[in-house]
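Trainee: These are the residues of each chain, in order.
There are 2 protein chains.
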Amino acid sequence: MSLTEYTELMLPAIEAELQRQVARLDQKETRLFHQMLTYHMGWTGEGAGPEVTGKRVRPLLVLLVMASCMSNWLHAVPAAIAIELIHNFSLVHDDIQDNSDKRRGRTTVWKKWNMAQAINVGDALFVISNQAILDLAGNFPGDTVIRIVRVIQDACLDLTRGQYLDMVYENREDISVQDYWKMIECKTAALISACAQVGGILGSRDDETIEQYCLFGRDLGLAFQVQDDLLGIWGDEALTGKSAASDLVDGKNSLPILFGINQRGEFAKRWSLSPVLPDEVADIAQILVHEGAQEYTERAAERLTNQALATLERINPKNDAGKALVELTKKLLNRES
Amino acid sequence: MSLTEYTELMLPAIEAELQRQVARLDQKETRLFHQMLTYHMGWTGEGAGPEVTGKRVRPLLVLLVMASCMSNWLHAVPAAIAIELIHNFSLVHDDIQDNSDKRRGRTTVWKKWNMAQAINVGDALFVISNQAILDLAGNFPGDTVIRIVRVIQDACLDLTRGQYLDMVYENREDISVQDYWKMIECKTAALISACAQVGGILGSRDDETIEQYCLFGRDLGLAFQVQDDLLGIWGDEALTGKSAASDLVDGKNSLPILFGINQRGEFAKRWSLSPVLPDEVADIAQILVHEGAQEYTERAAERLTNQALATLERINPKNDAGKALVELTKKLLNRES
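Chains A and B supply the protein sequences, listed in that same order. First residue of the first sequence: 0, per my numbering; consecutive thereafter. First residue of the second sequence: 0, per my numbering; consecutive thereafter.
Since the hints were made in silico from the structure, they are not lab data. Backbone N, C-alpha and C fix where the C-beta goes; we use that ideal spot for every residue, glycine too. Any given hint could turn out to be false.
[What the hints assert, rightly or not] Straight line, CA to CA, 35 Å or less: simulated DSBU-like cross-link-like pairs of lysine-lysine: (1) A:Lys111 <-> A:Lys101; (2) A:Lys317 <-> A:Lys251; (3) A:Lys110 <-> B:Lys322; (4) B:Lys268 <-> A:Lys101; (5) B:Lys111 <-> A:Lys181; (6) B:Lys27 <-> A:Lys111; (7) B:Lys251 <-> B:Lys181; (8) A:Lys101 <-> B:Lys110; (9) B:Lys317 <-> B:Lys101.
[To be verified] A few chain A residues that don't get close to chain B, going by computed Cβ distances all over 12 Å: (10) Pro49; (11) Glu172; (12) Gly250; (13) Gly291; (14) Leu332.
Based on the provided sequences and hints, a complete structural model is requested.
Mentor: In structure tokens, the structure reads:
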């Protein structure tokens with residue numbers, strides 16, 4: 000089976016279980032509340048559909064790692080979707096914190112309803128994640144469930160750490176590239192690493208294998224974020240100047256921008272002057288290219304992807320799911336959105 | 000031992016464990032983040048001290064129920080403080096949602112720092128709660144820990160349901176007293192009921208006893224909220240007209256107010272006209288008395304307290320901790336803040 004075939008098999012199971020868990024709120028008094036969650040998840044409301052649900056990379060990763068350990072991936076579904084719910088809880092709160100109007104082209108929850116309700120929607124997604132994970136107990140001993148919860152919650156605390164750092168770094172010009180790595184290690188890599196680790200714990204009894212999957216997930220997560228940062232400046236949407244589609248306009252703490260600031264050249268001078276306007280993004284992106292930010296960032300993404308692939312090779316899963324993991328890793332580096 | 004002696008014994012254990020858990024964020028890069036949490040918990044910053052930490056009613060209830068089952072209450076501390084952390088997570092988010100500047104006389108987290116950070120502070124308190132509860136595994140089998148997590152997370156989902164209802168009821172004048180009970184059942188009683196249930200599960204093997212503790216907690220929680228509503232209008236602070244100390248000024252969905260609105264008399268007429276100003280609260284509170292809202296609310300608080308006491312009598316815990324529970328129940332009804 001190829002990655003595409005695995006995805007076609009796993010995605011429906013992921014969506015079905017996500018919907019079943021979120022349906023806890025589908026009661027007479029809380030119908031609109033339920034609708035806020037299903038809207039955010041991409042299932043209902045304007046523009047709903049598979050193209051706006053997000054790629055579900057995190058749950059797919061859990062299930063593929065589980066399958067690569069020669070274990071029945073169906074048993075890992077509660078953990079997979081619990082992590083996806085956490086990711087979505089953080090997105091709902093993130094959109095408020097970043098003052099973002101749009102997510103995947105659709106109005107964000109806080110813009111569509113209001114901030115107070117959106118905080119509560121995020122909280123509910125987190126609670127449902129905590130409830131969903133307990134379904135693992137149907138197929139695994141209590142101690143394993145507790146171990147999984149611990150791994151996931153540790154990643155969640157890192158998420159809040161990363162979020163904190165991202166917010167305090169805002170509008171500061173003394174942030175180093177090292178600060179960046181610390182931030183995305185928490186904000187992005189921790190949860191993706193947890194995906195691979197959870198798949199490993201559920202699928203394998205070998206602590207060394209689990210440790211390697213954890214490492215693989217970390218590098219994959221870092222590579223994923225760095226690639227995101229590249230797309231945030233040189234991706235199609237960013238360059239064609241759709242308002243705020245560029246990290247330059249958003250003033251994000253992204254790797255090329257921090258690299259540029261630390262070069263203390265033309266980019267840094269322009270950056271410290273005033274916020275970047277949409278019709279300037281093409282020119283300023285070009286300055287960043289000249290100052291080496293694009294190359295530096297591309298190299299970082301490649302290096303991290305190669306590290307992830309090397310770790311996978313050491314684990315050496317010998318089935319199709321293992322090959323699909325290699326494919327997934329390469330695909331995430333070459334993605335265009 | 001009396002309730003006071005139990006409290007003097009248990010509170011230091013509760014505070015110490017809360018501090019130990021929150022210290023997860025006490026690291027170089029996240030020192031200010033840690034400080035935001037310790038400020039909210041009442042341990043640091045302006046006005047910090049035991050008088051502003053809150054009464055820690057929820058963890059005390061867990062530990063007293065555990066003790067009343069003749070079990071070692073120390074083993075229940077992780078569950079007790081996990082629930083207290085959940086309560087505090089909901090307070091931090093609540094203050095943002097209600098646009099409240101003050102909590103226990105101190106500037107709220109979102110006012111002191113900002114809204115984005117405060118959302119993250121609430122999230123972190125919830126994560127730490129999820130981590131703290133796992134320490135139960137040191138003294139209880141995995142399946143018991145999972146059962147406890149389920150009870151607590153179910154209560155958390157109710158919390159978000161209650162919060163949703165509270166927000167959609169705002170500024171509506173068609174809310175019945177029945178709607179009120181549904182709302183506070185979720186918003187207040189669910190978590191207090193979970194406290195008693197958790198103490199029961201950890202302390203007793205008898206399902207009937209556990210069920211009765213759950214019921215006791217529910218009635219106690221409802222009584223607690225109704226008493227809060229009384230104080231919100233006729234308590235000292237509310238009546239002396241400290242700005243926004245009165246639920247009348249805040250426009251809260253409280254029982255006397257909803258009772259008054261549904262009487263469709265003088266109060267309802269005044270209420271629908273415009274927001275209540277601080278210098279009107281004494282007069283309008285008097286109108287509510289005339290229309291029977293105070294008596295109705297007092298009777299409700301008494302009835303619920305008596306139901307809780309009757310349930311306790313059925314459980315019939317035969318030790319000092321059982322007597323302390325009776326004392327606590329009566330004290331919560333007669334409290335003045």
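Trainee: Can you name, in rising order, the numbers of the hints this structure does not satisfy?
Mentor: Structure breaks hints 2, 3, 4, 6 and 9.
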